[in-house]
Amino acid sequence: MKKFMKLSAVSALSLVIGASAAFAENIKIAFIDPLSGPFASTGTNGLHQFEFAVDHMVNDKGGVLGGTNMEIVAFDNKISPKESLIQLQVAIDQGIRYIAQGNSSGVANAITEAVNKHNRRNPDNRVLFLNYAAVDPALTNDKCNFWHFRFDANADIKMDALTDVMVAIDDMKKVYIIGQDYSFGKAVAAAAVKNLSAKRNDVEIVGNELHPIGKVKDFTPYSRKIIASGADAVITGNWGTDMVGLGKSLIESGYDGPIYTYYAAGSGITAALGESAKGRIRLISQGDINPIGSDEARATYTAFKAKHPDGNIDQSRIFNVIGMLAKAIEGAGTADDVVAVAGQLEGMEYDSMWGGKLFMRPQDHQIIQNMNVGVHTNEGIEFDYDNSGFGVLTESTVEMASMDSPTTCEMKRP
Amino acid sequence: MELILVNIIDGLVTGLLLFMLSAGLTLIFSMMGVLNFAHASFYMLGAYFAYQISIALGFWMGLLIAPIIVGVLGAGVERYGLRRVHQYGHVPELIFTFGLALLIEELVQFIWGKNQMPFNIPEVLNYTAFSVAGNSIPAYKIFMIFISVGIFMGLLYVLTKTRVGMIIQAALSYPRTVESLGHNVPLIFMGVFGVGTALAGVAGVIAGPVLGTFPGMAFVLGSIVFVTIVIGGLGSLWGALVASLLIGWLTTFAKSYNLAMSDIFNAIGISTPENMDDNIFRDLWTVTSPQIADILPYILMVMILIFRPAGLLGKRES
Chain A
1 MKKFMKLSAV
11 SALSLVIGAS
21 AAFAENIKIA
31 FIDPLSGPFA
41 STGTNGLHQF
51 EFAVDHMVND
61 KGGVLGGTNM
71 EIVAFDNKIS
81 PKESLIQLQV
91 AIDQGIRYIA
101 QGNSSGVANA
111 ITEAVNKHNR
121 RNPDNRVLFL
131 NYAAVDPALT
141 NDKCNFWHFR
151 FDANADIKMD
161 ALTDVMVAID
171 DMKKVYIIGQ
181 DYSFGKAVAA
191 AAVKNLSAKR
201 NDVEIVGNEL
211 HPIGKVKDFT
221 PYSRKIIASG
231 ADAVITGNWG
241 TDMVGLGKSL
251 IESGYDGPIY
261 TYYAAGSGIT
271 AALGESAKGR
281 IRLISQGDIN
291 PIGSDEARAT
301 YTAFKAKHPD
311 GNIDQSRIFN
321 VIGMLAKAIE
331 GAGTADDVVA
341 VAGQLEGMEY
351 DSMWGGKLFM
361 RPQDHQIIQN
371 MNVGVHTNEG
381 IEFDYDNSGF
391 GVLTESTVEM
401 ASMDSPTTCE
411 MKRP
Chain B
415 MELILVNIID
425 GLVTGLLLFM
435 LSAGLTLIFS
445 MMGVLNFAHA
455 SFYMLGAYFA
465 YQISIALGFW
475 MGLLIAPIIV
485 GVLGAGVERY
495 GLRRVHQYGH
505 VPELIFTFGL
515 ALLIEELVQF
525 IWGKNQMPFN
535 IPEVLNYTAF
545 SVAGNSIPAY
555 KIFMIFISVG
565 IFMGLLYVLT
575 KTRVGMIIQA
585 ALSYPRTVES
595 LGHNVPLIFM
605 GVFGVGTALA
615 GVAGVIAGPV
625 LGTFPGMAFV
635 LGSIVFVTIV
645 IGGLGSLWGA
655 LVASLLIGWL
665 TTFAKSYNLA
675 MSDIFNAIGI
685 STPENMDDNI
695 FRDLWTVTSP
705 QIADILPYIL
715 MVMILIFRPA
725 GLLGKRES
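If you read the sequences in order, they're chains A and B. For the first sequence, this note's numbering begins at 1 and goes up steadily by one. For the second sequence, this note's numbering begins at 415 and goes up steadily by one.
The set of hints was computed from the structure by calculation and includes no laboratory data. We put the CB at the ideal spot given by N, CA and C, even for glycine. All clues stand as given, with none of them false.
Just so you have them, the derived chain A footprint on chain B, three or more residues with Cβ under 8 angstroms:
1) 418-432
2) 531-538
3) 625-637
One chain only, chain A, in its complex shape:
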């Protein structure tokens, strides 16, 4: 037995060494997001989509630069900005040049600042920050820098598109805004107030409040307050368990209006909301899932389900990140010179398989794309979420949303 153990240990070790030698030249992307704690599900699902996108879109098709593979290296930041900076340093020390992060704008703010500082001090091993989901507008405005690229619409763009759809409802008179107490929740609230008052001055905002993120056990008291305010519509930027908790408790407490959300899909949220939320929850997102954007997207989604039967493609923009990065690396002819890669990404136009054209705006590195408002339902759904039969059906689309929106970004280029 002992001998067997020794033998297997040696062979395992040699496998590891062999494997690392074979992958030595991979282009590595550090994935820094929560893989433990209350938001672990959101982070893990994002990781699966990244890993799949890299294999399916790049490695299985012969890699980039004539045969170099891409690889995702996962780091758990426990959704803490402090922990993220430690993990960022570890990633940089391992020679990784691409950093992907998305959950929590608080974390993204810390990373973008650290990346900027690092690149200024270490011109020899600069890194790029690929932000796939952190939507605090400041990241592409006051806090913008050359190294940060955002592949998701920011909170202002989403709210602009969402309110375009909302104001078309004539009998909506009172709106309640509720969100998580951090930079993103505040950005959503500010954008909602600004857009609603500009587009429909007869709409009254009957409540605007923030609750602690990830700590609320029971949303019932909040729901009671919302119902008591007589709201016809609720806007929330909540995600993860905070979204399920709020949605379920609102519906159970007798609220009967629509709930407009940013992130009420996938990662178990759709299954947990289930039948009770049918036709009640709407969300703003990019990418056409139902109906699907293209045959290529259908094939991709089917292949993803074959590999991760319990998973969802609820962040199709992750595939855009990988597609655009691969295109930029090909264009630059190198993966090591991130300035050249960033130069390629700037102003890039990309045809997404999830429908529509993407444009990486050069002045602030904010992606511009079609925005969809969809509804949580089980009718007309080809690709459901969480194997629940329920999914998000696109109801209306705002094309190239906020293409000409202003930015305060003053980009300093190297």
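Following the hints, put chain B in place on chain A, whose structure we already have.
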């Protein structure tokens, strides 16, 4: 006005749920002096077991079987884990339960994954019992109230009226004497630990469908349970009940009314400073009651520890 009634009911539900967790913990704590950090993890296990059973046998079998499994697991933990660690003192016990909590969380994630489970209210109870001014009170909440009250009554009866209860109470205060009288005190400890964790399991089963069944569910309830038993007084069942209800109502009311600190200050005669930007108390002036709702129990605990260290209904001095 109607909202007050609704909040009283909501607070009662929250409080009673907290009671089911703290009842077991307070008995365990006072009997063995063990701060069982894993107590909320047994609550989580209850929810997950019930979810798994409910897929095959329905919710009601889950409610029946899951707490029993959790209780047996708890008794096993006491018999084969804590009892062995006990001889090395309190710190190893503390570390043991702390490690157990982490272990259970990882195990749950390993088996069920990190997503929230679609553990839903049973169809029979999925309707609105009655509504007050547009606020519906789900029948499930009424069911939760009845279950918790029933358990409280049952516990009270067993502890005060039966022979078993009397021995437990005696073992709480004078374990050596009870042992000399020929009772098997380690067995009592194991039983209390098992029943305590089973109660946490029941709480998990009935809370899972409303508060969500996800790997972080133990974490969000973990510390508040300790606060409850400290406020109520260690070892006191009535104390645990009073403290749970107090915390339930306190947090519910604080969250459902937007009471601003500036209003309170103005009411007691301090006027709002004109220039808020450079005022050092700016954060204090702008804070509202929902924002501080979750720390109110902790403030209450500090007050209790200062003015009545034995807790509201606690008798012991230490």
